[in-house]
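Student: So the sequences go chain by chain: A and B.
Numbering of the first sequence is given in the UniProt record's numbering, commencing with residue 1 and proceeding in unit increments.
Numbering of the second sequence is given in the UniProt record's numbering, commencing with residue 1 and proceeding in unit increments.
Keep in mind the hints are simulated off the structure, nothing from the lab.
Be aware that one or more of the hints could be misleading.
Copies of the same chain are indistinguishable here, so a pair counts whether it falls within one copy or spans any two.
[Unchecked claim] Cross-link-like lysine-lysine pairs, in silico, DSBU-like; alpha carbons within 30 Å at most:
1) K51 x K349
2) K360 x K76
3) K202 x K130
4) K289 x K51
5) K82 x K289
6) K51 x K76
7) K361 x K202
8) K361 x K345
9) K82 x K51
10) K322 x K76
11) K9 x K171
12) K130 x K292
2 protein chains.
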Amino acid sequence: MLVKYELLKECSETKARLGKLHTNRGVINTPIFMPVGTQATVKTMTPEELKEMNAEIILSNTYHLFLRPGHGLIEKAGGLHKFMNWDRPILTDSGGFQVFSLGKLRKLSEEGATFNSHIDGSKQELTPEKAIEIQNALDSDIAMVLDECPPYPATREYVYNSLKRTTRWAKRCIDANNNPNQSLFGIVQGGMYQDLREESAKELLELDFPGYAIGGLSVGEPKNLMYEVLEYTTPLLPKDKPRYLMGVGSPDALFEGVEKGIDMFDCVHPTRIGRNGTAMTTYGTVNIKNAKFKEDFTPLDSECSCYTCRNYTRAYLRHLFKANEILGLRLMTYHNVHFLIDTMKNIRKSLEEDRFMTYKKEFFDKYDQS
Amino acid sequence: MLVKYELLKECSETKARLGKLHTNRGVINTPIFMPVGTQATVKTMTPEELKEMNAEIILSNTYHLFLRPGHGLIEKAGGLHKFMNWDRPILTDSGGFQVFSLGKLRKLSEEGATFNSHIDGSKQELTPEKAIEIQNALDSDIAMVLDECPPYPATREYVYNSLKRTTRWAKRCIDANNNPNQSLFGIVQGGMYQDLREESAKELLELDFPGYAIGGLSVGEPKNLMYEVLEYTTPLLPKDKPRYLMGVGSPDALFEGVEKGIDMFDCVHPTRIGRNGTAMTTYGTVNIKNAKFKEDFTPLDSECSCYTCRNYTRAYLRHLFKANEILGLRLMTYHNVHFLIDTMKNIRKSLEEDRFMTYKKEFFDKYDQS
Chain A
1 MLVKYELLKE
11 CSETKARLGK
21 LHTNRGVINT
31 PIFMPVGTQA
41 TVKTMTPEEL
51 KEMNAEIILS
61 NTYHLFLRPG
71 HGLIEKAGGL
81 HKFMNWDRPI
91 LTDSGGFQVF
101 SLGKLRKLSE
111 EGATFNSHID
121 GSKQELTPEK
131 AIEIQNALDS
141 DIAMVLDECP
151 PYPATREYVY
161 NSLKRTTRWA
171 KRCIDANNNP
181 NQSLFGIVQG
191 GMYQDLREES
201 AKELLELDFP
211 GYAIGGLSVG
221 EPKNLMYEVL
231 EYTTPLLPKD
241 KPRYLMGVGS
251 PDALFEGVEK
261 GIDMFDCVHP
271 TRIGRNGTAM
281 TTYGTVNIKN
291 AKFKEDFTPL
301 DSECSCYTCR
311 NYTRAYLRHL
321 FKANEILGLR
331 LMTYHNVHFL
341 IDTMKNIRKS
351 LEEDRFMTYK
361 KEFFDKYDQS
Chain B
1 MLVKYELLKE
11 CSETKARLGK
21 LHTNRGVINT
31 PIFMPVGTQA
41 TVKTMTPEEL
51 KEMNAEIILS
61 NTYHLFLRPG
71 HGLIEKAGGL
81 HKFMNWDRPI
91 LTDSGGFQVF
101 SLGKLRKLSE
111 EGATFNSHID
121 GSKQELTPEK
131 AIEIQNALDS
141 DIAMVLDECP
151 PYPATREYVY
161 NSLKRTTRWA
171 KRCIDANNNP
181 NQSLFGIVQG
191 GMYQDLREES
201 AKELLELDFP
211 GYAIGGLSVG
221 EPKNLMYEVL
231 EYTTPLLPKD
241 KPRYLMGVGS
251 PDALFEGVEK
261 GIDMFDCVHP
271 TRIGRNGTAM
281 TTYGTVNIKN
291 AKFKEDFTPL
301 DSECSCYTCR
311 NYTRAYLRHL
321 FKANEILGLR
331 LMTYHNVHFL
341 IDTMKNIRKS
351 LEEDRFMTYK
361 KEFFDKYDQS
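Isolated chain A (complex conformation):
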């Protein structure tokens, strides 16, 4: 069965919407934040901990798993879910974004991309067919088409050619797809050009994907420009399909994305900054390594109910970081992922209760104090 989006409610003040995404591995409440498990593990966390913090779906990276341990091995293991002991839904990206990010280490053609592995330097190829072959083998619940993501800034001509290629590749992905349980999402390109977004959306809608991502954003453009693009792009997408904004996970972008009608988000932000000692809290970000927390025996976030905040003080967390103890990375990661999941839960609740914009104001009145 393919995923099916159920629209529960549209916000009266904004484009925000409340919904459910039905999958073969359970129902996901949207809008939702998906923690990232790049290499078949959400860094430092166990699946049980992710469930404890109510993670309903995670993302994993095709590029990384293709290179190591290899999709063939994961297929033999019984698929990615079994390999990593996670029985809730998984979304995999196409690997394209990582390959294109390699810069001079990759070459792009109509066929696909060739590149050198960051692990052993070996020459590798990623085509639309290959991206699907890998994701079919991983057996994720949601797969993404291979798209071409233009940099920012990029000329209209570049972006035009890129979106045309993205459509051709999308068709090749559909043709290559061989896993009936996997829902393949299309990716709308078109850069910062409204008419090109319209053209891309029109072409992809004809292919009738079960869900759509808005690609080519969060690539270096100013945030206001991203919000502007979202503002005119989401209305181009069907109401009965989920909308996914790739690679976005800061609190301001989550609220703005929801406001523009986005249902799904993912980002390494909470796990990455957590391992660097930064926490997102009700009252803004906290760098736990700061000397002022040396004898601070209060919780990381006084309004948080997560495992870390219930059991440990800032002084202890700071000690763990100063002493290079792994438990510090775990506890900060736990808090940050919990924080975003919890914030999304509160966003959904505010949508249900018709007070999304009020909640947004309340949230940032506190968050921006830091």
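Fit chain B to the known structure of chain A by using the hints.
Tutor: For chain B alone, kept in the frame of chain A given last:
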């Protein structure tokens, strides 16, 4: 209240004994293995995980906590238990072993030891009084006297002077002790000389400690020599007091130690080798990074019931190590600590059922297959 040892049963074939150690924070079943939480955390683990694997007591290191974050800070936090969120018993060492291990970086005198911190190079002093002051502040359940631990090999004269000093320091520790809830254990020295062990034990027994450690072992001597020393030293100790063999944790040494009448053990061995990718299993040690486990979809230890073995394959664990993922360190640590705790539980059961030597043979018939 000081700890109180209850002798439940003596083994008919060996010097092994089954007992309970009553503490202010619950009863410990002996013989027991104590996981090591050097810097106020058992590396990579949470307290909840340690409880899940039935850790009844942990050890923490005075030297490390003195230098970072400082015992003053931990005292302000409400003591080590509260600081690290562990409400079961904690044993702290005296810091002496770590200071003496600094070699040329430390100077030894009758007063104590001066040394340079491994963290910032600052000059520090550890005297018997200081070792007690620190441990009193940490508020551990069991504290250790500062002793002088001779290297191996060492002349009879060196060891003689050292044990005499250890007795003088033991008295100074008793005089300095200011925490009525903390049980201070004496440490028998005497190196590999039977008559010196006798002299040390005699002198320390006069000081009537609530427990005794056998020090100066596992310092580079052949294992058989250590077992020989244990064989004649444990009978020198009172039957109604617990006996602790410091820094020992390989399966063979645990069985031999129990056989010679030891009740308590600690060692960084399971956590350290785990983080290096080595597991202790029913069928011997396994280096998970080995290529032969690449497509091994069986558990780390087919006879183990721990979280790691119930949920993950060798192939996945190997992937986590190859990809430098922290979850790999967690899962291997979990298994190894669980393995030793479980082995000690089985040892206690075998003592209860009068089949300790049979169990020992069964254990090594399997373990030595690797």
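Student: Run every hint past the structure and note whether it holds.
Tutor: Quick rundown of the hints versus the structure:
1. When the C-alpha separation of K51 and K349 is checked against a cutoff of 30 Å, the pair qualifies only within one copy, where the shortest distance is 20 Å, while the shortest distance between copies is 36 Å.
2. For the identical chains of this complex, K360 and K76 are neighbours neither inside a copy (46 Å) nor across copies (38 Å), given an alpha-carbon limit of 30 Å.
3. Taking identical chains as interchangeable, the C-alpha atoms of K202 and K130 lie at most 30 Å apart only when both belong to the same chain, with a minimum of 25 Å there against 76 Å between chains.
4. When the C-alpha separation of K289 and K51 is checked against a cutoff of 30 Å, the pair qualifies both within a copy, at 28 Å, and between copies, at 29 Å.
5. Proximity of K82 and K289 under a CA criterion of 30 Å is satisfied inter-copy only: 20 Å between copies versus 37 Å inside one chain copy.
6. For the homomeric pair K51 and K76, the shortest alpha-carbon distance inside one copy (26 Å) is at most 30 Å, but the shortest distance between copies (35 Å) is not.
7. Taking CA atoms no more than 30 Å apart as the test, K361 paired with K202 passes in neither setting, with 35 Å inside one copy and 74 Å between copies.
8. In the homo-oligomer, the alpha carbons of K361 and K345 lie at most 30 Å apart inside one protomer (16 Å), although the nearest pairing across protomers, at 56 Å, exceeds that limit.
9. Taking CA atoms no more than 30 Å apart as the test, K82 paired with K51 passes in both settings, with 16 Å inside one copy and 27 Å between copies.
10. In this assembly of identical chains, the alpha carbons of K322 and K76 lie at most 30 Å apart only when taken from different copies (18 Å versus 42 Å within one copy).
11. Within a single copy, K9 and K171 get their C-alpha atoms no closer than 32 Å, and across copies no closer than 76 Å, so neither meets the 30 Å cut-off.
12. Taking CA atoms no more than 30 Å apart as the test, K130 paired with K292 passes between copies only; the shortest distance there is 28 Å, against 51 Å inside one copy.
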